[in-house]
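**Student:** The whole structure should be built from the sequences, with the hints applied where relevant.
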Amino acid sequence: MSTTSQKHRDFVAEPMGDKPVTALSGIGEALGQKLEDQGFDKASVVLGQFLLLKKDSEMFTDWLKDASGANSRQAGSCAQCLKEWCDAFL
Amino acid sequence: MPFVEDPAQLSKTRLKSDLVAHNVELPPAASKKEVYVELHLKHIDHKNTADFSSDDEDPVQDVEKKQKESQDSEVPDPRRLTDDDLKAALLQHGVKAGPIVASTRALYEKKLRKLLQCDGHDGLNGAEHKAVLYSDSVDEEEKEADSEQEQQETAEEPEQIQQQSTELPPEPVKGILKDFIPDTKTTPTGIYATSRRPIKGAAQRPIQYAYPDTPVSPMTLERREVERHLVPIQIQILVFIALAFILYFIYVNVEDSSSVLALLDSFNQWSDSEEGVLPQVMTQDTQSVSGQD
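Just so you know, the sequences run in chain order R and P.
Throughout, the numbering used here is defined as the position within the first sequence, counted from one, plus 378.
Throughout, the numbering used here is defined as the position within the second sequence, counted from one, plus 668.
I should point out that these hints are in silico values taken from the structure, not numbers from a laboratory.
Take the hints with a grain of salt, since some may be wrong.
Result set (BS3-like, lysine-lysine): computed pairs, CA atoms no more than 27 Å apart in a straight line [to be verified]:
#, chain 1, residue 1, chain 2, residue 2
1, R, K443, P, K782
2, R, K433, P, K778
3, R, K432, P, K700
4, R, K420, R, K433
5, P, K764, R, K443
6, R, K397, R, K420
7, P, K755, R, K443
8, P, K764, R, K461
9, P, K778, R, K432
10, R, K412, R, K385
11, P, K782, R, K461
12, R, K433, P, K755
13, R, K432, P, K764
14, P, K778, R, K443
15, R, K432, R, K412
16, R, K432, R, K420
17, P, K782, P, K755
18, P, K755, R, K432
19, P, K755, R, K461
20, R, K412, R, K443
21, R, K433, P, K764
22, P, K755, P, K700
23, P, K778, R, K461
24, P, K764, P, K782
25, P, K782, R, K433
26, R, K412, P, K778
Please read these numbers as outputs of a predicted model, since none were measured by experiment.
**Tutor:** This is the structure we're talking about:
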């Protein structure tokens with residue numbers, strides 16, 4: 379089960395509250411900046427987009443790649459992180 | 669007068685849904701109702717009542733048909749569809765879209781374009797695959813009949829094949845198969861479903877990942893793991909102490925007895941008093957040992 383990173387585990391461990399976008403697994407400084415430029419300044423806003431796409435990992439990864447220039451691994455990691463968070467808290 | 673409803677009396681949304689149901693290309697978004705009425709009259713009424721073609725309507729129909737053919741054979745540019753039309757078009761291809769908002773619209777347009785391309789290119793393959801798909805849920809006799817029909821009609825558009833194979837509507841079949849066999853690539857629609865994690869064994873799905881029953885945070889999991897080790901850790905500590913005593917006794921046997929007695933006394937004092945005594949005793953002991961050497 380623990381092929382997840384520490385960042386992933388930290389995020390899924392508790393309600394995200396007001397955490398910034400860079401707290402998401404797979405989202406680093408550069409990607410976080412690009413997302414913030416588009417208005418996704420908090421992790422909760424990205425969660426909103428994930429929920430709008432009906433928690434479909436495939437569509438969300440497509441959107442994230444378009445919106446931030448993430449590669450497949452980063453986008454997949456972020457989608458997985460959000461999915462697990464939803465399973466735990468939503 | 670015939671049974672045909674007067675399209676002018678239908679609402680615009682009703683006209684739109686009728687057109688979509690009859691696989692008619694929808695006009696650009698926000699067209700006037702008259703355009704929908706015309707299309708409705710032309711295509712739907714034209715199909716229902718073949719005898720009603722009047723001389724006046726024919727040239728108009730031909731002109732409109734030529735205009736339509738100059739565009740895509742399928743539903744035209746997804747970008748020009750309204751949100752509802754886009755949703756309906758996606759539903760036609762078996763995709764249940766979420767809310768089409770500013771941020772999601774581009775994604776759904778791209779998806780529709782992919783579906784349209786795959787429908788156009790894979791028309792032949794799609795027909796064969798549809799035959800294969802049908803075999804999972806239908807008798808083999810029907811499958812052979814369908815495949816024969818489809819092989820004969822592969823020259824025609826796939827839409828007509830869909831209409832003629834009335835036994836099974838394609839959308840629920842694809843949907844069901846995606847649930848049963850999530851790993852297969854359903855080429856007819858071009859949707860590649862990556863196998864996602866099922867939700868904790870809900871709805872009879874096999875639990876591939878053993879989640880704990882309660883949503884336990886990783887921190888408590890790590891704590892539990894540490895606690896599990898505590899019992900062996902105690903044993904390890906005991907073993908260590910036993911080894912220490914064994915080594916001490918070996919040291920006692922090797923060295924002179926006087927220093928050993930001093931050590932014993934010091935240790936006795938240490939066990940009764942505070943730990944501060946020990947450094948003093950240890951320094952005395954080391955001095956005595958160095959003196960002897």
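**Student:** Please flag the earlier hints that this structure goes against, numbers listed from lowest up.
**Tutor:** 3
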